[in-house]
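The listed protein sequences derive, respectively, from chains A and B.
At position 50 of the first sequence the residue is numbered 50 (the UniProt record's numbering), and the sequence of numbers has no breaks.
At position 139 of the second sequence the residue is numbered 139 (the UniProt record's numbering), and the sequence of numbers has no breaks.
Please note: incorrect hints may appear among the correct ones.
Just so you have them, the derived chain A footprint on chain B, three or more residues with Cβ under 8 Å [stated by the list, open to error]: (1) 9-20; (2) 26-34; (3) 55-61; (4) 84-95; (5) 102-111; (6) 190-202; (7) 210-222.
DEER-style ranges, computed between Cβ atoms [to be verified]: (8) A:P222 with B:L206: 54 to 62 Å; (9) B:P16 with A:R12: 23 to 31 Å; (10) B:L206 with A:L67: 37 to 45 Å; (11) B:L182 with A:T2: 27 to 35 Å; (12) B:R109 with A:T2: 46 to 54 Å; (13) B:R133 with A:A19: 21 to 29 Å; (14) B:P16 with A:L67: 31 to 39 Å; (15) B:R133 with A:T73: 33 to 41 Å; (16) A:E210 with B:P178: 54 to 62 Å.
Simulated from the structure, these hints should not be mistaken for lab results.
Glycine is no exception: its CB is placed at the ideal position from the N, C-alpha and C atoms.
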Amino acid sequence: MTDPADRQPDARQDNQDPALFGQTPSQTVGPFFHYGLPWKGGADLVGKSDMGARPDLFAEEHWVLNLSAPTGTPVGEVITVAGRVLDAEGVPVADSMVEIWQANASGRYRSVDDARDDVPIDPHFIGFGRAATDAEGVYRFRTIMPGRVPGPGGTMQAPHLALSLFGRGLINRLATRVYFGGLPGNDEDPVLACVPAARRATLIAEPRGEGEWWLDLHLGGPAETVFFAL
Amino acid sequence: MTGVAPYSSDDAGPPPSRYGDYRSTALRAPSQPRVQAPQTLTETTGPGGVWDRMMGSALADLTTQHGGVPIGQRIIVSGRVLDDRGRPVPDTVMEIWQANAAGRYIHARDQWDAPIDPNFTGAGRVVTDADGRYRFVTVRPGAYPWGNHHNAWRPAHIHLSLLGPAFATRLVTQLYFPDDPLIEIDPIANAVPMPYRQRMVSRFDLATTEPNHALGYLFDVVLKGRMQTPFEDDHHD
Ligand SMILES: [Fe+3]
Chain A
1 MTDPADRQPD ARQDNQDPAL FGQTPSQTVG PFFHYGLPWK GGADLVGKSD
51 MGARPDLFAE EHWVLNLSAP TGTPVGEVIT VAGRVLDAEG VPVADSMVEI
101 WQANASGRYR SVDDARDDVP IDPHFIGFGR AATDAEGVYR FRTIMPGRVP
151 GPGGTMQAPH LALSLFGRGL INRLATRVYF GGLPGNDEDP VLACVPAARR
201 ATLIAEPRGE GEWWLDLHLG GPAETVFFAL
Chain B
1 MTGVAPYSSD DAGPPPSRYG DYRSTALRAP SQPRVQAPQT LTETTGPGGV
51 WDRMMGSALA DLTTQHGGVP IGQRIIVSGR VLDDRGRPVP DTVMEIWQAN
101 AAGRYIHARD QWDAPIDPNF TGAGRVVTDA DGRYRFVTVR PGAYPWGNHH
151 NAWRPAHIHL SLLGPAFATR LVTQLYFPDD PLIEIDPIAN AVPMPYRQRM
201 VSRFDLATTE PNHALGYLFD VVLKGRMQTP FEDDHHD
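Hey, can you work out the whole structure from these sequences and the hints?
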């Protein structure tokens with residue numbers, strides 16, 4: 001007889017089954033992520049503010065996430081990047097979340113996997129941001145205009161942000177890019193070149209007032225945003 | 001100039017973006033196929049080593065965030081973050097959010113008739129160690145109803161968010177519990193075809209369980225991995 005303390009339940013076909021080993025499947029963030037993911041200042045890559053968070057959606061005593069703590073002002077042109085998230089019928093999506101990842105003003109990523117020591121790191125700039133959309137479905141980031149980054153085969157990419165979109169009804173994260181209308185390099189960008197010409201405008205933000213760039217993200221419909229396979 | 005080694009593409013398991021039984025996908029899932037483009041430095045880099053500065057200190061115990069002890073079954077969730085070749089992913093952040101033991105979220109839009117627990121928020125954040133290991137303490141969340149169809153209930157689950165080392169490895173998923181009959185009738189879990197759905201079912205584990213304290217569950221998260229090491233592709237300038 002085995003001692004009860006030495007007995008183990010039978011193995012199930014589950015997360016620990018070696019026969020099933022592989023990428024963990026994606027699931028939706030659902031509608032209730034606001035107290036767990038977007039921190040105050042998560043959408044402000046430049047200074048200290050509450051941008052990106054939605055503390056209006058839960059009681060203040062349940063704010064356990066930290067506030068951003070900038071160390072100083074990053075180098076470069078301060079810009080706002082904003083737009084609406086819209087569903088296939090053009091209805092604003094008020095319960096989605098947008099993230100950005102970008103290079104600093106010199107075109108260097110704050111990452112161990114960007115080993116180009118000849119391009120300076122900005123000690124005050126990380127380049128990752130997160131914003132919950134507001135009640136009108138608008139996302140808004142305050143950041144620095146990114147510099148140009150090399151692409152494959154000796155090409156140079158135009159200034160751009162990598163963007164991820166999450167939401168209720170989105171089983172998978174949607175990955176896209178934001179370019180800036182009229183800036184040098186868009187015509188020779190190696191990623192934009194992979195996009196059918198008729199759809200490129202869905203990735204290009206347009207200037208809208210002082211330092212502000214606007215790009216609506218369409219989940220469907222005639223102006224559906226281009227999303228990339230990764 | 002340094003070339004980049006791309007991350008692997010989806011394996012056989014991932015769900016489709018459009019899944020009829022999950023009604024919210026109808027107007028939100030894109031209709032056009034995703035565009036293929038080469039991975040560049042943008043996709044193969046990501047923030048690392050800056051978690052505390054970016055998001056603040058860890059929140060590894062969800063049962064001690066308020067004045068009292070939350071109601072419910074205390075549990076320990078532990079495991080590793082790996083890439084799809086089995087290599088550990090160290091120093092990566094995992095964010096956690098969940099409902100309380102009664103199945104209620106601390107969120108203004110969650111208004112069903114289950115009690116709020118003033119001692120439980122349900123938000124956490126941990127960073128993996130050098131071996132890719134993580135561990136957090138919480139209470140087991142309850143199942144909850146949702147409006148997808150008549151008498152629809154989500155199986156008990158913990159939402160998990162991982163950045164991994166690169167833009168290409170970003171993942172949001174859900175952890176489910178073993179022997180929950182709601183999993184096999186849940187449209188969100190069912191969007192993942194069998195047997196891959198079982199990758200999201202945690203395992204009860206006596207070695208993780210602590211006497212007179214908490215039940216233990218194991219859950220490894222597997223992210224996309226680098227297909228090869230970086231190479232030099234040209235040497236101009
Ligand atoms: Fe949920």
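We went through each hint and held it up to the structure:
1. 9-20: This one holds; 10 residues, not fewer than the three required, reach chain A with a Cβ under 8 Å.
2. 26-34: Coverage by chain A holds for the region 26-34 of chain B (8 residues, Cβ < 8 Å).
3. 55-61: Satisfied; 4 residues make the cut.
4. 84-95: With 3 residues close enough to chain A, the hint holds.
5. 102-111: holds (count 6)
6. 190-202: Contact hint for the region 190-202 of chain B vs chain A: holds, 10 residues under 8 Å.
7. 210-222: holds (count 5)
8. A:P222 with B:L206: 54 to 62 Å: Holds: the Cβ-Cβ distance is about 57 Å, inside 54 to 62 Å.
9. B:P16 with A:R12: 23 to 31 Å: Holds - the Cβ-Cβ distance for P16 of chain B and R12 of chain A, about 26 Å, lies within 23 to 31 Å.
10. B:L206 with A:L67: 37 to 45 Å: holds (40 Å)
11. B:L182 with A:T2: 27 to 35 Å: holds (33 Å)
12. B:R109 with A:T2: 46 to 54 Å: holds (50 Å)
13. B:R133 with A:A19: 21 to 29 Å: Because 23 Å falls inside the window, the suggested range holds.
14. B:P16 with A:L67: 31 to 39 Å: holds (38 Å)
15. B:R133 with A:T73: 33 to 41 Å: holds (37 Å)
16. A:E210 with B:P178: 54 to 62 Å: holds (56 Å)
In summary, this structure violates none of the numbered hints.
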